[in-house]
Amino acid sequence: MDNNRGNPNWQPLSFLPQLATIIDGMLDAARETYEPFSQIKVHDDYSIKRVFEVTGQQVSDEWLYDEQLERWSALPKLNPVQRTEIQRLQRQMAELKKVNRDILAIAEEHEEKTIEKVLGKNDAEVGLEFLLGKLTR
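Residue numbers (the working numbering): 1 to 137.
Treat the hints loosely; a few may be bogus.
Simulated DEER-style distance windows between Cβ atoms [to be verified]: (1) ALA20 to VAL42: 34 to 42 Å; (2) GLU109 to PRO17: 36 to 44 Å; (3) TRP10 to ARG101: 22 to 30 Å; (4) VAL59 to ALA124: 34 to 42 Å; (5) ILE40 to LEU13: 36 to 44 Å.
EDC-like cross-link-like pairs, simulated, lysine to aspartate or glutamate; straight-line CA separation at most 16 Å [said to hold, decoys possible]: (6) LYS97 to GLU67; (7) LYS97 to ASP66; (8) LYS98 to ASP24.
For the record, the hints were derived by calculation from the structure and aren't laboratory data. Small disclaimer: the values here were computed from a predicted structure and weren't measured. We treat Cβ as the ideally placed atom computed from N, Cα and C, and that holds for glycine.
All chains, please: the whole structure from these sequences, using the hints.
Take a look at the structure:
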């Protein structure tokens with residue numbers, strides 16, 4: 001499938017197993033990113049930038065996977081196994097979207113509180129932000 005929104009390369013139904021591997025892999029990777037990312041209170045600039053790049057690209061490509069699954073689900077001669085797998089992948093995509101948006105929300109929340117930005121402030125600024133609840137332990 002092509003990233004070009006104007007001219008996607010739609011795949012035949014025979015590509016279903018490969019697409020299942022791709023979607024399952026993306027969801028596994030997103031979950032693996034979310035868990036530690038949500039635990040850390042302060043990130044570095046590079047990590048935040050990288051999350052915006054990688055997760056942002058994945059979010060912008062979600063429509064391709066959704067549309068491919070929708071096209072396949074509209075085929076008149078799907079067997080029950082194919083229909084079940086397409087429905088499972090649609091649920092996986094819904095979960096992937098949620099996890100990706102949760103990751104991006106954390107990145108947005110922490111974007112102005114990176115290690116580099118905190119270290120660039122004087123003690124009074126850090127103390128005031130802590131007292132105002134803008135910084136947590």
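Now the hints, each set against the structure:
A C-beta distance of roughly 37 Å is found between ALA20 and VAL42, which places it inside the suggested range of 34 to 42 Å. The hinted range of 36 to 44 Å is satisfied by GLU109 and PRO17, whose Cβ atoms lie roughly 38 Å apart. Checked against the hint of 22 to 30 Å, the C-beta distance between TRP10 and ARG101 comes to roughly 26 Å, which is consistent with it. VAL59 and ALA124 have their C-beta atoms about 38 Å apart, which keeps the hinted 34 to 42 Å range intact.
For the hinted restraint 36 to 44 Å between ILE40 and LEU13, the CB-CB distance of approximately 42 Å keeps it satisfied. Of the pairs offered as hints, the one joining LYS97 and GLU67 holds, with about 14 Å between alpha carbons and a cut-off of 16 Å not exceeded. As the CA atoms of LYS97 and ASP66 are separated by approximately 11 Å, the hinted pair is consistent with the 16 Å bound. For the proposed pair LYS98 and ASP24, the alpha carbon gap of about 14 Å is at most 16 Å, so the pair holds.
The structure shown violates none of the earlier numbered hints.
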